[in-house]
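K.L.:
Sequence order for the protein chains is A and B.
So for the first sequence, numbering that gives the first Met the number 0 puts the first residue at 0; every next one is plus one.
So for the second sequence, numbering that gives the first Met the number 0 puts the first residue at 0; every next one is plus one.
Honestly, the hints are just simulated from the structure, not real lab data.
Watch out, some of these pointers could steer you wrong.
Quick list of in silico lysine to aspartate or glutamate cross-link-like pairs, DMTMM-like style, CA-CA up to 25 Å [what the hints assert, rightly or not]: (1) B:K181 <-> A:E159; (2) B:K90 <-> A:E158; (3) A:K181 <-> B:E9; (4) B:K90 <-> B:E189; (5) A:K90 <-> A:E24; (6) A:K90 <-> A:D125; (7) B:K181 <-> B:D137; (8) A:K119 <-> A:D153; (9) A:K181 <-> B:D48; (10) A:K181 <-> B:D153; (11) B:K181 <-> A:D112; (12) B:K90 <-> B:D48; (13) B:K181 <-> A:E158; (14) A:K90 <-> B:E9; (15) A:K90 <-> A:D112; (16) B:K90 <-> B:D8.
Okay, the calculated bits of chain A under chain B, using three or more residues with CB under 8 Å as the criterion [unchecked claim]: (17) 44-58; (18) 66-79.
As the structure is a prediction and not an experimental result, all values here were calculated from the model.
All residues carry an ideal CB built from backbone N, CA and C; glycine is no exception.
2 protein chains.
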Amino acid sequence: MISILLAEDEHLIRGALAALLRLEEDFDVVGEAGTAAQALDMAGALRPDVALLDLQLPDLDGIALATAIHAELPECATVIVTSHGRPGYLKRALAAGVRGFLPKTVSAEVLVDVVRTVHKGGRYVDPGLASEAISAGDSPLTPREADVLELAADGTPIEEIAQRASLSPGTVRNYLSSASAKIGAANRHEAVRIARRLGWI
Amino acid sequence: MISILLAEDEHLIRGALAALLRLEEDFDVVGEAGTAAQALDMAGALRPDVALLDLQLPDLDGIALATAIHAELPECATVIVTSHGRPGYLKRALAAGVRGFLPKTVSAEVLVDVVRTVHKGGRYVDPGLASEAISAGDSPLTPREADVLELAADGTPIEEIAQRASLSPGTVRNYLSSASAKIGAANRHEAVRIARRLGWI
DNA sequence: AATATGTGATGACAAACGTCATGGCGGCGA
DNA sequence: TCGCCGCCATGACGTTTGTCATCACATATT
Numbered sequence: 000m001i002s003i004l005l006a007e008d009e010h011l012i013r014g015a016l017a018a019l020l021r022l023e024e025d026f027d028v029v030g031e032a033g034t035a036a037q038a039l040d041m042a043g044a045l046r047p048d049v050a051l052l053d054l055q056l057p058d059l060d061g062i063a064l065a066t067a068i069h070a071e072l073p074e075c076a077t078v079i080v081t082s083h084g085r086p087g088y089l090k091r092a093l094a095a096g097v098r099g100f101l102p103k104t105v106s107a108e109v110l111v112d113v114v115r116t117v118h119k120g121g122r123y124v125d126p127g128l129a130s131e132a133i134s135a136g137d138s139p140l141t142p143r144e145a146d147v148l149e150l151a152a153d154g155t156p157i158e159e160i161a162q163r164a165s166l167s168p169g170t171v172r173n174y175l176s177s178a179s180a181k182i183g184a185a186n187r188h189e190a191v192r193i194a195r196r197l198g199w200i
Numbered sequence: 000m001i002s003i004l005l006a007e008d009e010h011l012i013r014g015a016l017a018a019l020l021r022l023e024e025d026f027d028v029v030g031e032a033g034t035a036a037q038a039l040d041m042a043g044a045l046r047p048d049v050a051l052l053d054l055q056l057p058d059l060d061g062i063a064l065a066t067a068i069h070a071e072l073p074e075c076a077t078v079i080v081t082s083h084g085r086p087g088y089l090k091r092a093l094a095a096g097v098r099g100f101l102p103k104t105v106s107a108e109v110l111v112d113v114v115r116t117v118h119k120g121g122r123y124v125d126p127g128l129a130s131e132a133i134s135a136g137d138s139p140l141t142p143r144e145a146d147v148l149e150l151a152a153d154g155t156p157i158e159e160i161a162q163r164a165s166l167s168p169g170t171v172r173n174y175l176s177s178a179s180a181k182i183g184a185a186n187r188h189e190a191v192r193i194a195r196r197l198g199w200i
């Protein structure tokens, strides 16, 4: 019997996934959490064999949650499930010791297989995502460039970015300019979009 | 027995929802589609009582799909399910004759209830979404302003927007300026974000 | 010690952008 | 028929950007 903890913020999806997993005779969904904090509590209390984590949770992202769970429950295998197959996230997830990484586009059968695989100590990464991650390569941005670019999201004007980052407006423009050049974008807004898609910010 | 057609692009979620619905004795999931085109084919062939449609599908949005289904199968009740509770969409969906509108944050029980309700001829709209839609009000944008603002998404430069919309760059700037003013945004990028959130574009 | 790299800043210049006034044209309701 | 509104355009103005050269300082690498 494999005991499973589910962390997913959308109630309906959480329930549906639970229903799906409960169809397997050897699966036991012991807990369903809607937030990372809840999931962490439940992990400690229920000590599941496998934790199925959505990448985007309201309080913390799934990778940080996986790290926290590993610290408290090293024998628990974690699997990240996500709608947005951002290549950068995959790398961070693997670095965090996650054992499985799946987009929500896989079939139910694959999910079930993966749960069994990671429970037996194996690993599984979606092949499509893996090849994307390889072709996307590492982020060319310096840490500071990534910071500033992140602050530039939502169309924030330079002046405000400068204040939030405690930088001079000129410096902000320099970072944004070099980041856009590295990414190959025409302007910072496009740069933000691309960097987001690749999981660089 | 209520026969149900499911249209949802994410394979895993589609399977999970199907599993959830099949737990009900009086439900029969007769078809699962990943695209609007597929869903339309299946609707014609399987003539389901209820169609459960995701708002975002790769080829067409759920509202357009609902309209198409009604045209071919007037007795089929349609329910839209969505991750993004954009107020504007709710209005358009109701105008299209959709019988149910739910965010994915509702519980599995609610979904099941709603399916039964709409099958009996009733309607259901998520209360939270409804109040949001009311408070958000109608779009203040003229059709053309909305067009141009939509083209301005992804940080496209004005010159390119002008070409795609077959307008002079000056006109584009005028529309963008007035749209931003109406929305209360400092620049077009912020305007795009707000309009997106409210379902105006 | 020399070199490269990241961080932070300034100044200058051109291009892109936001705003406003103004005009013409067409449709639609009063 | 008149006025209002949406559509499209132009010109002018100031502001915000993107880009580049150049500098200083700190930290690693070789």
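K.L.:
Hints first: check each against the structure and report whether it holds.
P.N.:
Hints, one by one, checked against the model:
no.: 1; hint: B:K181 <-> A:E159; in the structure: holds (22 Å)
no.: 2; hint: B:K90 <-> A:E158; in the structure: violated (37 Å)
no.: 3; hint: A:K181 <-> B:E9; in the structure: violated (33 Å)
no.: 4; hint: B:K90 <-> B:E189; in the structure: holds (23 Å)
no.: 5; hint: A:K90 <-> A:E24; in the structure: violated (33 Å)
no.: 6; hint: A:K90 <-> A:D125; in the structure: holds (12 Å)
no.: 7; hint: B:K181 <-> B:D137; in the structure: holds (12 Å)
no.: 8; hint: A:K119 <-> A:D153; in the structure: violated (43 Å)
no.: 9; hint: A:K181 <-> B:D48; in the structure: violated (53 Å)
no.: 10; hint: A:K181 <-> B:D153; in the structure: holds (18 Å)
no.: 11; hint: B:K181 <-> A:D112; in the structure: violated (52 Å)
no.: 12; hint: B:K90 <-> B:D48; in the structure: holds (23 Å)
no.: 13; hint: B:K181 <-> A:E158; in the structure: holds (23 Å)
no.: 14; hint: A:K90 <-> B:E9; in the structure: holds (22 Å)
no.: 15; hint: A:K90 <-> A:D112; in the structure: holds (22 Å)
no.: 16; hint: B:K90 <-> B:D8; in the structure: holds (23 Å)
no.: 17; hint: 44-58; in the structure: violated (count 0)
no.: 18; hint: 66-79; in the structure: violated (count 0)
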